[in-house]
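Colleague: Taken in order, these protein sequences are the chains called A and B. Here the first sequence stands for residues 1 to 555, numbered as in full-length UniProt numbering. Here the second sequence stands for residues 1 to 555, numbered as in full-length UniProt numbering.
I should point out that these hints are in silico values taken from the structure, not numbers from a laboratory. Computed from a predicted model, the values in this text were never measured in an experiment. Please note that a few of the clues may not be correct.
Because identical chains share one entry, a pair is satisfied inside a single copy or across any pair of copies.
Here are the simulated DMTMM-like cross-link-like pairs (lysine to aspartate or glutamate), alpha carbons at most 20 Å apart as the crow flies [stated by the list, open to error]: (1) 543 - 109; (2) 350 - 200; (3) 404 - 31; (4) 87 - 130; (5) 108 - 554; (6) 375 - 221; (7) 339 - 45; (8) 87 - 338; (9) 339 - 43; (10) 509 - 540; (11) 359 - 372; (12) 350 - 411; (13) 543 - 50; (14) 459 - 303; (15) 187 - 76; (16) 128 - 223; (17) 323 - 411; (18) 375 - 260; (19) 359 - 338; (20) 430 - 243; (21) 479 - 554; (22) 323 - 183; (23) 29 - 177; (24) 375 - 420; (25) 63 - 223; (26) 351 - 224; (27) 541 - 449.
Listed below, chain by chain, are the residues.
There are 2 protein chains.
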Amino acid sequence: MRKDKEQIKIIPLGGLNEIGKNTTAIEFKNEIILIDCGLKFPEDDMLGIDVVIPDMSYIFKNKDKVKGIFLTHGHEDHIGALPYVLKEMNVPVYGTKLTLGILESKLKEHGLLATTKLRTVESRDVVKLENMSVEFIRTMHSIADASAIAVHTPMGVLFHSGDFKIDYTPIHGLPADLARFAELGKKGVICMMCESTNVERAGYTMSEKMVGETFQRLLTDCEERIIVATFASNVHRIIQIIEAARRNDRKVAVSGRSMENIVGVAIELGYIDVSDGIIIAIDEINKYPKNRIVIITTGSQGEPMSALTRMARGDHKKLSINKGDMVIISATPIPGNEKPVTKVINQLFKKGAEVIYEKLADIHVSGHACQEELKLVHSLIKPKFFIPVHGEFRHLKQHAELAKGLGMNNEDVVICNNGDVIEISSDEIKKTGTVNAGQIFVDGLGVGDVGNIVLRDRKHLSQDGILTVVVTMEKDSGKIIAGPDIITRGFVYVRESEDLIFEAKKRVKAVLKQCEQQNVKEWAVLKNTMKENLRGYLYEKTKRNPMILPIIVEV
Amino acid sequence: MRKDKEQIKIIPLGGLNEIGKNTTAIEFKNEIILIDCGLKFPEDDMLGIDVVIPDMSYIFKNKDKVKGIFLTHGHEDHIGALPYVLKEMNVPVYGTKLTLGILESKLKEHGLLATTKLRTVESRDVVKLENMSVEFIRTMHSIADASAIAVHTPMGVLFHSGDFKIDYTPIHGLPADLARFAELGKKGVICMMCESTNVERAGYTMSEKMVGETFQRLLTDCEERIIVATFASNVHRIIQIIEAARRNDRKVAVSGRSMENIVGVAIELGYIDVSDGIIIAIDEINKYPKNRIVIITTGSQGEPMSALTRMARGDHKKLSINKGDMVIISATPIPGNEKPVTKVINQLFKKGAEVIYEKLADIHVSGHACQEELKLVHSLIKPKFFIPVHGEFRHLKQHAELAKGLGMNNEDVVICNNGDVIEISSDEIKKTGTVNAGQIFVDGLGVGDVGNIVLRDRKHLSQDGILTVVVTMEKDSGKIIAGPDIITRGFVYVRESEDLIFEAKKRVKAVLKQCEQQNVKEWAVLKNTMKENLRGYLYEKTKRNPMILPIIVEV
């Protein structure tokens, strides 16, 4: 490979070997751009962590070269890290109307709205930089205003699919701009990055229109109040719910902060037409009979503070579940959320609701392309090189196999890790190095301070709690003048464990006396001796392993 | 309802509004029997808990009346609590061969094997007690030797389905004894308890035979080593794997402690025929070419210490995953296990294996009846009264609706909670009271000592860790003579938080000085003041809420 400035570098910083924090850097000559900048939700073992963002240290080290951040769509795993990143560098952010509308709410919460340079684009708009141009191309996804991105360089086009499905009967707006895909494929795409979420699924993803037909069927002849929970960001779904309500002469109320926000933005942008006064406030619901109401709410994932979950628990301030309500959960549980969702479903049933969820009816379709749609895009784009993105390893691997099944050569398909530096020349794609990459934990106000040690301790504490031993010693002699006192939390129920604690104190006293006699004075040794002795004793008696915290006070 | 000793009482103690710890007591005159005695695996918020068993206090209070424990089959959620229960009362346990074979291993681990009275039964055997008789009836499930149970009383038959599916082409043994179901229905079943796990699914569960056909297809012309992970208890699945191996001239090795145990028991009982020497030891694998080996292993649920998970992680002592291995995961993730399973799948792909799992091929069928099979059983048994069991509320509710859809009256179908006392007379079924019921947590050696307070503390510790403040005061004056010292675990990374800790100490000192000046000496007040002051400060600075443990040492 010629080692000169003609190489394009693709540096994924998130979204590979995971679902979440999608972030890709493209570097050419002296310019860097980012495609997306997302967050990931914490895994079960990331105790106390609020969100996970990508390690952007390479980008921050080169922030002068960063010319723009280009967003494919407004989901959290594509824009959620921006408030943290924009605190470190103020770079223009390009996106479609709804995408920036959603981002604005976030920036406002973080106090960054006034200073961030937001640039709205439309489909086929091209942003010209010094050495590259970035084009937005309309696609379809489970959120309106989704785009693919084409980066035009002297060496050819880099194509990034964003998240997409092929829906020939879209609810709002035009279908994916497949004509432009074909034009780019004809022009010459040197490398495609394409999402891999549904690569395991054969066939096609069903059209969003089908969900509308199910809503229509459910609402027809229904004499009860209807509550529909769905993703706030799925504007097309909301449009269909409103449309079905309209056809069945029902008013619509909206519940849940993010739902109110995004529906508000969508109405402002003219995506949802409510000029006939169909939307009413929650407080007005009681003015109508039950069979003339539809409530659209957050909580399709069983999120603890969401509107539907609070209704199911009985602690929503304004809304309760009435016997006979039809509650439609118009989403499938994201992997990991199955239990919170079924918990809410059970609570709703117990309150006498009739609950319709994905196991019982077709009230959700995926926003991600299945195998036949992926093959279509590969065949239109005809890239020279291919990097599967947006998936765990099993998705990336199977997407690579799909590409090879269509005729791509093994050496032209690269499965990467976050942090890999992939260099592309006219005749070769090659991994040439790595940069820092990984996860940064956000906990409260702290970004990156919680790391493995803190998490390891939280894990230990969560399993068997903590036992604190406090001993007060005289400064020079090392004699015990107070204690040992033992305080536990999360270990045993103290009232029933007095003997255990009493015996533990005796042991600590005995082992410290031994140390005194052997003239051992160094605190580190004393503490370790107490720890080891107690650990063995407690495990023998309880088969539990609490964290042991020896504290020596010297007076 | 006549209040006399002719009432039969059904008292569910586990398995309602949950999947797990199935335990039902039946009380008639002076006799009590238990049908099953299972455990439940801990939910995510049951930190540090090993298993959950039912609250059996009602049974222990009446242990002299308990005449026998009757087991429907050998799954953990039907027999897993027995080692804990049999420590409190030594009651004969009745079950089929494989069921008791599996139970024996457990009792041995708990040192109860010698003293427990195990009684083996076969299909259609009847155990005569003073006032009732208990009959075992052959069914099909995802474990061999599964039974339904009929309790014969002067008032009629109580029928308990156990866990079952209707499989007309069973792999081993005879199909479910539907003729006996019909005979009982004709004789007169006064009340049926029937499992509800798959009531959401329309149609039929596929036959186990179909999985065998998939195995055959995968093994034919395969030139690689094959590893199959499945539930150790699914003897029929293991028979099919061995049969496919046999037909393709491969040897079979078994890996994983529970797999080795149960396969051993099944061979002893003659359920698996390995007289042709098809089974080899793990150590002999290397004597054969890769295309002549099948390894059957534990780990189909991504269990951390299972054989397949250790192979995927690379720390199995005897087996590693080789590039090209075909790994078949012949199970679906139990709800809650999706992430551990996909983690293993990703690791296997990374090691170069070809992984076949349920999304990609038909390599698993459920062991639970779907709607049409449930309707069949209702129609054969024709009970007067019906109690849906073995399900969360949504399952019980939908099963009740299914029964009413077949013509049962509303008042004859009862959805219960654990602990309800259901009395049955010849003309009425009625809830007449409750007994203690609920969950007992087992953690290490402790049974029932970990309760809400300990769990609440573990939860708090897991989120933001702990901050311990130690202050040494002079006995009478209340003057601070050492400290405050602050030690944290799981809260912040200390090296980066020195300012925070320094400031926190200052605040504690200041607030204690105030207390001294106001002559406040009571420890409870001092500790609370320290706690509140610190909590506010730490939250303001970090938006985190660690547990705060103030410790006062007096000298």
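Colleague: Each hint should be assessed against the structure and marked as holding or not.
Modeller: Structure-based check of all given hints:
no. : hint      : in the structure
1   : 543 - 109 : between (47 Å within a copy, 15 Å between copies)
2   : 350 - 200 : between (36 Å within a copy, 16 Å between copies)
3   : 404 - 31  : neither (32 Å within a copy, 69 Å between copies)
4   : 87 - 130  : neither (25 Å within a copy, 79 Å between copies)
5   : 108 - 554 : neither (51 Å within a copy, 51 Å between copies)
6   : 375 - 221 : neither (42 Å within a copy, 28 Å between copies)
7   : 339 - 45  : both (16 Å within a copy, 11 Å between copies)
8   : 87 - 338  : neither (35 Å within a copy, 36 Å between copies)
9   : 339 - 43  : both (14 Å within a copy, 9 Å between copies)
10  : 509 - 540 : within (19 Å within a copy, 40 Å between copies)
11  : 359 - 372 : between (24 Å within a copy, 16 Å between copies)
12  : 350 - 411 : between (57 Å within a copy, 18 Å between copies)
13  : 543 - 50  : between (32 Å within a copy, 11 Å between copies)
14  : 459 - 303 : between (23 Å within a copy, 18 Å between copies)
15  : 187 - 76  : neither (33 Å within a copy, 62 Å between copies)
16  : 128 - 223 : neither (56 Å within a copy, 54 Å between copies)
17  : 323 - 411 : between (61 Å within a copy, 18 Å between copies)
18  : 375 - 260 : neither (38 Å within a copy, 44 Å between copies)
19  : 359 - 338 : both (12 Å within a copy, 17 Å between copies)
20  : 430 - 243 : neither (51 Å within a copy, 46 Å between copies)
21  : 479 - 554 : both (10 Å within a copy, 15 Å between copies)
22  : 323 - 183 : neither (56 Å within a copy, 40 Å between copies)
23  : 29 - 177  : neither (30 Å within a copy, 76 Å between copies)
24  : 375 - 420 : neither (26 Å within a copy, 57 Å between copies)
25  : 63 - 223  : neither (59 Å within a copy, 52 Å between copies)
26  : 351 - 224 : within (14 Å within a copy, 54 Å between copies)
27  : 541 - 449 : between (37 Å within a copy, 13 Å between copies)
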